[in-house]
Amino acid sequence: MYLRIIAFFYFLTSAFYLSGREIIVCPSCAFTTLQGALDDADNGDIISVQKGIYYEFGIVISKSVTIRGVDGSIIDGGDQGEIITVVANNVTIEGLTIQNVGTSYVEDRAGIRVRKSRDFKIINNHLFNTFFGIYLEHSRDGEVSGNIVVGNAKEEMSSGNAIHAWYCKNILISANTVSRHRDGIYFEFVDNSLVKENVSRQNLRYGLHFMFSNNDDYFNNRFSNNGAGVAVMFSKKINMWENTFEYNWGKSSYGLLLKEIYDAEILNNVFQENTMGIFVESSTRINYKHNDFKQNGWAIKISGGCLDNNISENNFISNTFDLSVKHNSNDNLFDGNYWSAYTGYDLDKNGIGDIPYRPVKLFNYIVDKTPESMILMRSLFVDLINFSEKVSPIFTPKNVMDNRPVMTKYRKKTL
Amino acid sequence: MIRILKYSFFDLMRSRWTLVYCAFYALLTLALFTLNADISKVIITLMNVILTLVPLIALIFGVIFYYNSREFIELLLSQPIRRSEIFIGQYLGVALSLSLSLLIGVGVPFLFYGIFMSEEIFNYLTLLLVGVILSMIFAGIGFLIALKFQNKIKGFGLAIFIWLFLAVIYDGILLLLLAIFSDYPLEKLAISVSMFNPIDLSRILILLKLDVSALMGYTGAVFQKFLGSTMGMTIAIGVLFIWVLIPLLSIRQLSLKKDF
Chain H
1 MYLRIIAFFY FLTSAFYLSG REIIVCPSCA FTTLQGALDD ADNGDIISVQ KGIYYEFGIV
61 ISKSVTIRGV DGSIIDGGDQ GEIITVVANN VTIEGLTIQN VGTSYVEDRA GIRVRKSRDF
121 KIINNHLFNT FFGIYLEHSR DGEVSGNIVV GNAKEEMSSG NAIHAWYCKN ILISANTVSR
181 HRDGIYFEFV DNSLVKENVS RQNLRYGLHF MFSNNDDYFN NRFSNNGAGV AVMFSKKINM
241 WENTFEYNWG KSSYGLLLKE IYDAEILNNV FQENTMGIFV ESSTRINYKH NDFKQNGWAI
301 KISGGCLDNN ISENNFISNT FDLSVKHNSN DNLFDGNYWS AYTGYDLDKN GIGDIPYRPV
361 KLFNYIVDKT PESMILMRSL FVDLINFSEK VSPIFTPKNV MDNRPVMTKY RKKTL
Chain F
1 MIRILKYSFF DLMRSRWTLV YCAFYALLTL ALFTLNADIS KVIITLMNVI LTLVPLIALI
61 FGVIFYYNSR EFIELLLSQP IRRSEIFIGQ YLGVALSLSL SLLIGVGVPF LFYGIFMSEE
121 IFNYLTLLLV GVILSMIFAG IGFLIALKFQ NKIKGFGLAI FIWLFLAVIY DGILLLLLAI
181 FSDYPLEKLA ISVSMFNPID LSRILILLKL DVSALMGYTG AVFQKFLGST MGMTIAIGVL
241 FIWVLIPLLS IRQLSLKKDF
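Protein chains in written order, with this note's numbering: chain H, 1 to 415; chain F, 1 to 260.
Source of the hints: derived by calculation from the structure; they are not laboratory data. Model, not experiment: these values are computed from the prediction. Be careful, since some hints might not be right.
[Claimed, not checked] With a Cα cut of at most 20 Å, we get these calculated EDC-like pairs of lysine to aspartate or glutamate:
(1) H/Lys369 - F/Asp183
(2) H/Lys409 - F/Asp259
(3) H/Lys412 - F/Asp38
[As the list claims (entries may be wrong)] Coverage of chain H stretches by chain F, computed from C-beta distances (three or more under 8 Å per stretch; other residues unrestricted):
(4) 41-51
(5) 148-160
[Stated by the list, open to error] Chain H residues, not near chain F, derived (Cβ > 12 Å throughout):
(6) Thr85
(7) Gly95
(8) Glu137
(9) Asp217
(10) Ser282
(11) Lys289
(12) Ser303
(13) Glu313
(14) Ile317
(15) Asn319
(16) Met377
(17) Ser392
(18) Thr396
(19) Tyr410
Cβ coordinates follow ideal geometry from the N, Cα and C atoms, glycine included.
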């Protein structure tokens, strides 16, 4: 009985503590620094950071607190080093502006680092000129949402990633806008996580980068003007749905780069005006369905070691080249796609072209061998040799073809 | 000169062949629109047609026109008019009437299908510009050939050969060169060789609009610089204008020296 009463009171007091005091930080308050407020805080407190610029760095959050900022609560690291490090569970950081971490060639400094913590929430913050924006390591069950992370990356070696996750589980990354870093969002050894509704643009290397990460999903994101939109490498079971990959231009620029990937689903995405829509290397058992490839240089380029890729019911519209393959053997399936370059007919009016479509043209082969010949694209001579090759394929793979090319393009399906 | 230009221009505009030429483009464009309402696809198809047919027809037209109006030209030569005025006036008459037929034939259907509402307006204007410039260049070359050769068979033969050479063989040779010497950096060669062929040059001008995402995939620095900026476009248009001047000046030169 006593034990129960004690337990009851303990519960009451702890509930009181969890709802927490509110500690206010402002330039003219009792606490003029976030670090000062943190030193005084207990688990469950709320720290309200009022408007003002606070020159602080090396702040360590070791208690389960909520930190809230208002518009104009700026924490400036003055290029001195990492600004906030979270080492406790249940920490929420909301509405702060964090800026000027400073570049380092020795350590991976971050605007906000979460280390070995659970149940963190990093919401609606603005991070400017932070070397690494938000750095999650050995953490799980957290959320990073609605943040705007803007860097000023000039070259890959001297820049960090906007949102960087390393050895994490069950992370939600949603509705962030990340730009001008090395990678927009970087996942290494991150499992069972979800990336959705983010915008990633103007990053030097990749908009979103997976390394050794399994069972992750990304939906409804937009990747524009990056070195390459998304790179998925050495990962298994990644679902990629309803994303937009656009304007990734350059000599090794891809909308989506797949390398050593198994069992992925690529559905309902839009690839528009990329130098290469998808570049696939050594990837197996991947479904590409209901994607739109519009006005890309190459819609899909398949390099060596790709087996059992299933490319069906996609729209290929006005791409310079629809497909390029490395080998003459075809271990991948093309079926029921719409190809705007298809010149066949449909006499039985069943909506499916009566002759197969060969997406690899002779000119593809020539451009792969001598890239300078690109300048002859769309020339009458090239059309002539393409035509004669189509009639009797010699250089281009005979069995890379779509046996059931559809005559009208698919309308957008929603999942 | 203006009077001679006017005379040959209106004479040609009344002629059946100009009307047929104009109607051909109008029908083609309309047919493309009825088959496919997508303006960008129509532009691509028309581009292929214009790059191939405009030079051929302009060449043949230039040759025919000179042979047909030989007697009239000889009559004019006996009058106190400067030679250059006669020939350049005649040439401009052909070139302008061809350009006008093309503009009307291709332009009017596009107006019906709402080109001004479309984002493709710049691609379309490039297409028209290229069509007009090609008409000017090849009508001039045709006129020059006819001026040079009295023999009609020779004239037509040469005209058709020049077309075949510039439209097909030239690219074949260039491709062969690129393939044979593929171990060497050939970007400068590829670009400069293209400068000597107005058809290639027009094609590149259109490529810069339509296929820029693929062109940017090429690694070479010279290509990147040439194709990736407005510089490529400026140079291509500039060289095309020089190409317009070359036949014009040659006609003038040849007409002054020729013994009739």
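Evaluation of the provided hints:
1. H/Lys369 - F/Asp183: 10 Å, holds
2. H/Lys409 - F/Asp259: 64 Å, violated
3. H/Lys412 - F/Asp38: 18 Å, holds
4. 41-51: violated (count 0)
5. 148-160: Three-residue rule not met by the segment 148-160 of chain H, so violated; n is 0.
6. Thr85: 41 Å, holds
7. Gly95: H/Gly95 is indeed farther than 12 Å from all Cβ atoms of chain F, at 39 Å.
8. Glu137: The claim holds: H/Glu137 sits with its nearest Cβ about 36 Å from chain F, beyond 12 Å.
9. Asp217: 28 Å, holds
10. Ser282: The assertion about H/Ser282 holds, with a minimum of 21 Å to chain F.
11. Lys289: At roughly 23 Å from the nearest Cβ of chain F, H/Lys289 sits farther out than 12 Å, so the non-interface label holds.
12. Ser303: With a cut-off of 12 Å, H/Ser303 remains clear of chain F, as the shortest Cβ separation is near 14 Å.
13. Glu313: 20 Å, holds
14. Ile317: 9 Å, violated
15. Asn319: 8 Å, violated
16. Met377: 6 Å, violated
17. Ser392: Consistent with the label, H/Ser392 stays out of reach of chain F, its closest Cβ about 19 Å off (over 12 Å).
18. Thr396: 16 Å, holds
19. Tyr410: 15 Å, holds
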